[in-house]
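Colleague: Protein chains in written order, with my numbering: chain G, 22 to 329; chain W, 22 to 329.
FYI, nobody ran anything at the bench for these hints, they're computed from the structure.
These numbers come from a predicted model, not from an experiment.
A portion of the hints provided could be inaccurate.
Which copy? The list can't say, so a pair holds if one copy fits it or any two copies do.
What the hints assert, rightly or not - Only pairs whose alpha carbons sit at most 20 angstroms apart, straight line, appear in this in silico DMTMM-like list of lysine to aspartate or glutamate:
| hint | residue 1 | residue 2 |
| --- | --- | --- |
| 1 | Lys249 | Asp282 |
| 2 | Lys314 | Glu290 |
| 3 | Lys249 | Glu290 |
| 4 | Lys249 | Glu276 |
| 5 | Lys249 | Asp93 |
| 6 | Lys314 | Asp197 |
Number of protein chains: 2
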Amino acid sequence: MTQERNQKSGSHSKTEEYTDMKREQHEGLQRVKFQMSRIRQKIAVISGKGGVGKSTVTVNLAMAFAMHGYADNVGILDADIHGPCVPKMLGLRGQRLQVSAIGALPVTGPLGIKVVSMDFLLPSDEAPVIWRGPLKMKAIQQFLSDIMWGELEFLFIDLPPGTGDEPLSIMQLIPDLDGVIIVTIPSEVSQVVVKKAVTFARQVGVPIIGIIENMSGFACPKCGTVTKIFKVGGGQRIASDMSIPFLGSIPIDPEICEDSDNGLPFIVEHADSPAAKAFTEIVERIEEYLKHKKGTEILLKSTSKEDS
Amino acid sequence: MTQERNQKSGSHSKTEEYTDMKREQHEGLQRVKFQMSRIRQKIAVISGKGGVGKSTVTVNLAMAFAMHGYADNVGILDADIHGPCVPKMLGLRGQRLQVSAIGALPVTGPLGIKVVSMDFLLPSDEAPVIWRGPLKMKAIQQFLSDIMWGELEFLFIDLPPGTGDEPLSIMQLIPDLDGVIIVTIPSEVSQVVVKKAVTFARQVGVPIIGIIENMSGFACPKCGTVTKIFKVGGGQRIASDMSIPFLGSIPIDPEICEDSDNGLPFIVEHADSPAAKAFTEIVERIEEYLKHKKGTEILLKSTSKEDS
């Protein structure tokens, strides 16, 4: 393929170098396109503001679909380069991407969920990734192009907060994204920032599946008194203000934090809790959306081609 | 070097354009240096993970210093380009940077606190800033170089989560930063990410003032039962694991969210609450650090020169 790259130390001219770089870029994008064509449904989870539970939603969503008949057919891309949390939440810390003859393989988590995260490439817990935008974009592209995701029914992408390099890269690299799910906490401070995420999704032309209100009220485990720690109803307000579907509210539950820390998705570990029940209803609404969306698509993507 | 490229499309040659660009860059950096030389103490608040209360800490810290004898002498730079929260928390939404003959002026908040935020430049609440790294770096540089901060005792910089473009830009543009304050919530998931922030600060050579544990336990307002929603003790653990000072824990308090939403710093509005008391102790430790630091500095920066 690149036989012409016959460099003898410095025999390579600037023009050739430029041509090589351009070809490499083009090949990278072609590989993204091919890999993504083998994944039927691709959904990003975004927020605008950090710390609202994006990763918790992503992980539990992936688990829910894996449990609903899609075991071994779900992937998660943890696109948070600086603060990857997905491996910790799925009990996969310390794992590494394995390299095979055809490329690097995702790490396999519970129910065969395939996970790719910067965390699998770092030497230690404490190592930060001090990268500017262009490097992050390159890493995300390689996560999509050079990881052998294989054929999957779902890919959930956990994006870092904000509307900068990482979300933009994902939207540009996956133009056929099925939609974004927006997560918020009810506070007004969060609402202000989350509205920007809604506008962002609209401006880049990605369908909005809906908004989830997380950390919505807290019931004292002793006396049952509900305290609206971060208020309640902010998600619903954004949904009606900006005409997007409201997917549901998840109450604050210390078990969610505990389970995340222990690497156990709470919808499995505490399936009977009000939080898990609320989450299950949200998942049903998302399934409904996806069913409807696929139903109205005239041409289904072919997933029959096999990579060699 | 490239004198042969003497194209006369716009009378300006490529070489001249390049020289102009370089001169402009150099002048910009000189202006940053001058502006920053007029601010005695510069402190950044970082976190690694989002949603841990960085902006709440920044705003209340600024208020605390303004109340402790530094009214009209404190500034806040909200360096979160995508999710600016500081104006909302200080009741300054909808304000605009005013342009004077010598440059743009910060917006003045309670107790004369001078605030600069991307929010003051946006057309509406809902407008996202869909920018990649280089543009964000440019904006941050201009916030430091082209805003007439004037002479100040303190500048608090609220950084977005992560260890990417914005924190790096600040560290490079303000090499004499007095230190960073790291904010975390107690959960293990947060700890993993916050440790990266500690390593980041060390790698870029900025002193770490200490770590604050936010959202540490919740006391039911009805029965008093304390629930460790996001666990407790994680901040202390990072401090001892990584040998950095522990500044204190702030309990969860619905008033903090309420006050932030209303644009009223909680240390003023609810001065007698356990959260405000915990915060006051933290402020004392920070004051102690700064006193000590300045005491050991042989040469104090001159702040006597006046801009014209």
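Colleague: Run every hint past the structure and note whether it holds.
Modeller: Right, here's what the structure says about each hint:
1. Taking the shortest alpha-carbon separations for Lys249 and Asp282, only the inter-copy value of 13 angstroms comes in at or below 20 angstroms, while the best intra-copy value is 24 angstroms.
2. In this assembly of identical chains, Lys314 and Glu290 lie within 20 angstroms of each other by CA distance neither inside one copy nor across copies; the values are 31 angstroms within and 49 angstroms between.
3. In this homomeric assembly, Lys249 and Glu290 come within 20 angstroms of each other (Cα to Cα) only across copies, at 19 angstroms, whereas the closest approach inside a single copy is 25 angstroms.
4. With identical chains, the CA atoms of Lys249 and Glu276 are at most 20 angstroms apart both within one copy (18 angstroms) and between copies (10 angstroms).
5. In this homomeric assembly, Lys249 and Asp93 never come within 20 angstroms of each other (Cα to Cα): the closest approach is 39 angstroms inside a single copy and 35 angstroms across copies.
6. In the homo-oligomer, the alpha carbons of Lys314 and Asp197 lie at most 20 angstroms apart inside one protomer (12 angstroms), although the nearest pairing across protomers, at 55 angstroms, exceeds that limit.
Checked against the numbered hints given earlier, the structure breaks hints 2 and 5 and satisfies all the rest.
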